[in-house]
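Start from the sequences, fold in the hints, and give me the full structure.
The listed protein sequences derive, respectively, from chains A, B, C and D. Start counting the first sequence at 1; every next residue gets the next number (the numbering used here). Start counting the second sequence at 1; every next residue gets the next number (the numbering used here). Start counting the third sequence at 1; every next residue gets the next number (the numbering used here). Start counting the fourth sequence at 1; every next residue gets the next number (the numbering used here).
Because the hints were derived from the structure by calculation, they are not lab data. Any given hint might turn out to be false.
Chain copies aren't distinguished; within one or between two, either way the pair holds.
[Claimed, not checked] Cross-link-like lysine to aspartate or glutamate pairs, in silico, DMTMM-like; alpha carbons within 25 Å at most: (1) K13 / E247; (2) K13 / E92; (3) K107 / D257; (4) K246 / D72; (5) K188 / E173; (6) K13 / E164; (7) K246 / E43; (8) K107 / D233; (9) K246 / E258.
It should be emphasised that the depicted structure is a prediction, and the values quoted were computed from it without experimental measurement.
There are 4 protein chains.
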Amino acid sequence: MEAPKRSNPMMEKLAPRPGRYALLPELTPQQELALLARALHREGYDDHIAGHITLAQPDGTFLVNPWELAWDELTASDIIRVDSTGTVIEGEWNVTPAIGLHLEVHKRRHDLKVVLHNHSRWGLVWSASGRVPPVYDQTSGQVAGDPIYYDEYTGTVDGASEAEAAAAALGNEKWAILKNHGVFIVAKDIRQAHLRSITLEHRCRLAWHVESLGEGHPITDLETFRVAQMSDDLGFPFLWEAMARKEIRLDPAVLGDEATTSAERKA
Amino acid sequence: MEAPKRSNPMMEKLAPRPGRYALLPELTPQQELALLARALHREGYDDHIAGHITLAQPDGTFLVNPWELAWDELTASDIIRVDSTGTVIEGEWNVTPAIGLHLEVHKRRHDLKVVLHNHSRWGLVWSASGRVPPVYDQTSGQVAGDPIYYDEYTGTVDGASEAEAAAAALGNEKWAILKNHGVFIVAKDIRQAHLRSITLEHRCRLAWHVESLGEGHPITDLETFRVAQMSDDLGFPFLWEAMARKEIRLDPAVLGDEATTSAERKA
Amino acid sequence: MEAPKRSNPMMEKLAPRPGRYALLPELTPQQELALLARALHREGYDDHIAGHITLAQPDGTFLVNPWELAWDELTASDIIRVDSTGTVIEGEWNVTPAIGLHLEVHKRRHDLKVVLHNHSRWGLVWSASGRVPPVYDQTSGQVAGDPIYYDEYTGTVDGASEAEAAAAALGNEKWAILKNHGVFIVAKDIRQAHLRSITLEHRCRLAWHVESLGEGHPITDLETFRVAQMSDDLGFPFLWEAMARKEIRLDPAVLGDEATTSAERKA
Amino acid sequence: MEAPKRSNPMMEKLAPRPGRYALLPELTPQQELALLARALHREGYDDHIAGHITLAQPDGTFLVNPWELAWDELTASDIIRVDSTGTVIEGEWNVTPAIGLHLEVHKRRHDLKVVLHNHSRWGLVWSASGRVPPVYDQTSGQVAGDPIYYDEYTGTVDGASEAEAAAAALGNEKWAILKNHGVFIVAKDIRQAHLRSITLEHRCRLAWHVESLGEGHPITDLETFRVAQMSDDLGFPFLWEAMARKEIRLDPAVLGDEATTSAERKA
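As structure tokens, this is what we get:
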């Protein structure tokens, strides 16, 4: 669990108090992945059963949500584990045939733990527009830089050579808008993946509303956001916890069978 | 129940695992029809009590949702059965006077089991626009081809000759946008009807957003989607199950009295 | 309760079956009024505590929702009764100061039982646009004719002379868009008020979406809807019942204390 | 609790009846603040954990929602207290680093008790447009005057000199649109803060819809609203109570631990 490090000197200065209750319980990686999927589904990453998130593990395996389930029903117990060839080695569900692109990116980017793809509502609009949405507010600017606009999509993402081409096009970038095919986001951990995903969807939604109204004034001098943009690296304090906590509050089953059993045991 | 055939060689290769739980319980045709109506209502097929779905049965009769009920309250126990003249032969509710068009299409298209009409939110927008929405993303392209734009609507659909004219205009097509009157979709089974209905609504919604923003880049070379479009024929793996499962999770009563009774019996 | 008259020969022919359960319980006028407010709130008549509905009674008094409560919390027990001067003669809540316009219309239109005003979401958009929304689909055409566009609003509606002017401007019409101030709808009964209110909001919403997209094709020959438009007079079969039933299902408390007490008594 | 004063002669004349039940229970300042945050979150003040509300207390301290929690999960027990330097003196949560601007405004404006900032959905759209939304309906005109458009935002709001500049720019005004950064609203009490916040969001939302459709007709002679605008000063009767009541009805936990305990004690 990537709670803001209390040993981080800046956070110790800014937020010295312990809080009235724990912001989140201790979470397993499977629980974090399920919570991320649920939280993003609520914000527009909701194209039925589309979309996958891989989470690299220290032993070289990857956790991933199964092919069969929608993001809003996923629990920690449903998360499967694949090896570096995409073969399921733990769990009873199946892996998406589109796992190839995820693995190809993980292979090239050891700085990353999370690779995420979905057809988010507002991301899709810009994916068909031929443009990257401008940054129209501070929240849109929490993550610096424009997504790459990858326009060489020529088929589904399950073919090896297409996966290689796409991973090469991503290069060292943090996010992409896939032409006519949604968004692609990578991150060093779940917290960063969450911030990048909600920031991109917010940016896409707001930009659509601003430009539908008429002339807008984007923020061009992104240097002004130097402080805010530290959040992408250091973690936006408390934000991921609040959004994950909401999912647990609305449906504790997201934490999986073990959590339920352990809760029942206590009750 | 049209679960993806595990005997389908491609699916056996792609999804060999049995899953942590059954994707759906065994369903009667009445339960499938009620689940389809509920799932589509949630996605925009929600014009009050408008809309009907007929499901041809092997004995030449048809199951249909009753005139009196909205799609979001329908249960399997409410589904009525009509004969080939549209006379109710099972169930206590009444049949819509608009049954004529459904029966006329069933008469001409023995390849079809499902005929569906409603005034979906985004379908209506394009039904008034005079245009078929372009395909702006992969999800919109899951079902190949443009709907016909049937612009000779000259009254309600309960008159026999109008029904014949409309059925003739549909010909061998799979879907239509009815000028100023919503959408009309036919399919070989519930699964295909579901995919076509959600795909058309998604396509209409996305296209509206893209074109409201300004210039968009539709996908014109639909050959690129040859893989995705196999889903229309073979069934999009796991998707119908996930959406039907959600309806059962949110309101188990959708399965009808018998299901409830049988569940109570077990409890 | 205005259930479709089974003694109506057309309905007896079209819908001879009794149904699997009663479409609605017997309702008092207070229950009908509360259900109408709740159903309309759900469809966009939701500007906080704005909006009033008066229902003329045979004894010359009027039932009305109180000033203090929002439409989505109203129960039958909250409905108050005023005399022809607007003085509360039954109930513990207060009457809106804007009752004057309602009473003025009732005084002139003995063909009417219901007078309704609110700031509905999509009605407001057109109220500021200077135009009446065209009829872009069959559902929008269920009620014939264009609302008058009353543009002489010069203050709040609680002054007597303004009320007289507005009532005179309405004349024998059935509905109006009030410039910069929402909609005003009159009807012979609750069922007709419901159909007119949801039809106007649907018409306003769809027309906005069509015109935001670009050129639309309105229905100009409304004669084509002669059948559908019988619904305004005769009652759209089953529709009001379905929408009222939904409110009872979602919150039985809408029926008021007496209903609850009587239900508890049975239990 | 700022219930409409029954000793107010106008209200005694307009609303002489006591009501069927109390419009709200007696509320502590902490409960009022939590209810305001919840009610506004529901109307679009919902950018994750963004946004703060300070409520000046007679002893020179300030109540404020903590940094860690989203507005839709806040309870009265979570509200913290800071002194005039922004140091937490009561409560276990932490205060936002952006407290500086709030305190700077409180220092200059002793007529105010409430200072509120958030990134509301429709407020953001206009904050990027370079324009103040016109008043397109009566509801938008409940609060007189145009927000100032503060376009000198050059960083986050946690720096002292930026806070001073912003507070100086606000001057004696009641509200501001912050360029690319949402809205800023001040008020003499919770009731007025609520009315101003929902009015601004309504105004922003409606204006967007009107202008997206095409030419609109704003209300320019705001004198016509002289009556309605008394609400800003005197309190819009019953409105705050209804919206706060809704939050209590949907989640009584908003009132905090003490309320729950006391309710349990009675049960």
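Hints versus structure:
In this homomeric assembly, K13 and E247 never come within 25 Å of each other (Cα to Cα): the closest approach is 29 Å inside a single copy and 35 Å across copies. With identical chains, the CA atoms of K13 and E92 are at most 25 Å apart between copies only, with a shortest distance of 15 Å across copies and 46 Å within one. For the homomeric pair K107 and D257, neither the shortest alpha-carbon distance inside one copy (32 Å) nor that between copies (50 Å) is at most 25 Å. Proximity of K246 and D72 under a CA criterion of 25 Å is satisfied in both settings, with 13 Å inside one chain copy and 9 Å between copies.
When the C-alpha separation of K188 and E173 is checked against a cutoff of 25 Å, the pair qualifies only within one copy, where the shortest distance is 12 Å, while the shortest distance between copies is 45 Å. Taking identical chains as interchangeable, the C-alpha atoms of K13 and E164 lie at most 25 Å apart only when they sit on different chains, with a minimum of 23 Å there against 45 Å within one chain. For the homomeric pair K246 and E43, the shortest alpha-carbon distances inside one copy (12 Å) and between copies (18 Å) are both at most 25 Å. With identical chains, the CA atoms of K107 and D233 are at most 25 Å apart within one copy only, with a shortest distance of 22 Å there and 35 Å across copies.
For the identical chains of this complex, K246 and E258 are neighbours both inside a copy (20 Å) and across copies (22 Å), given an alpha-carbon limit of 25 Å.
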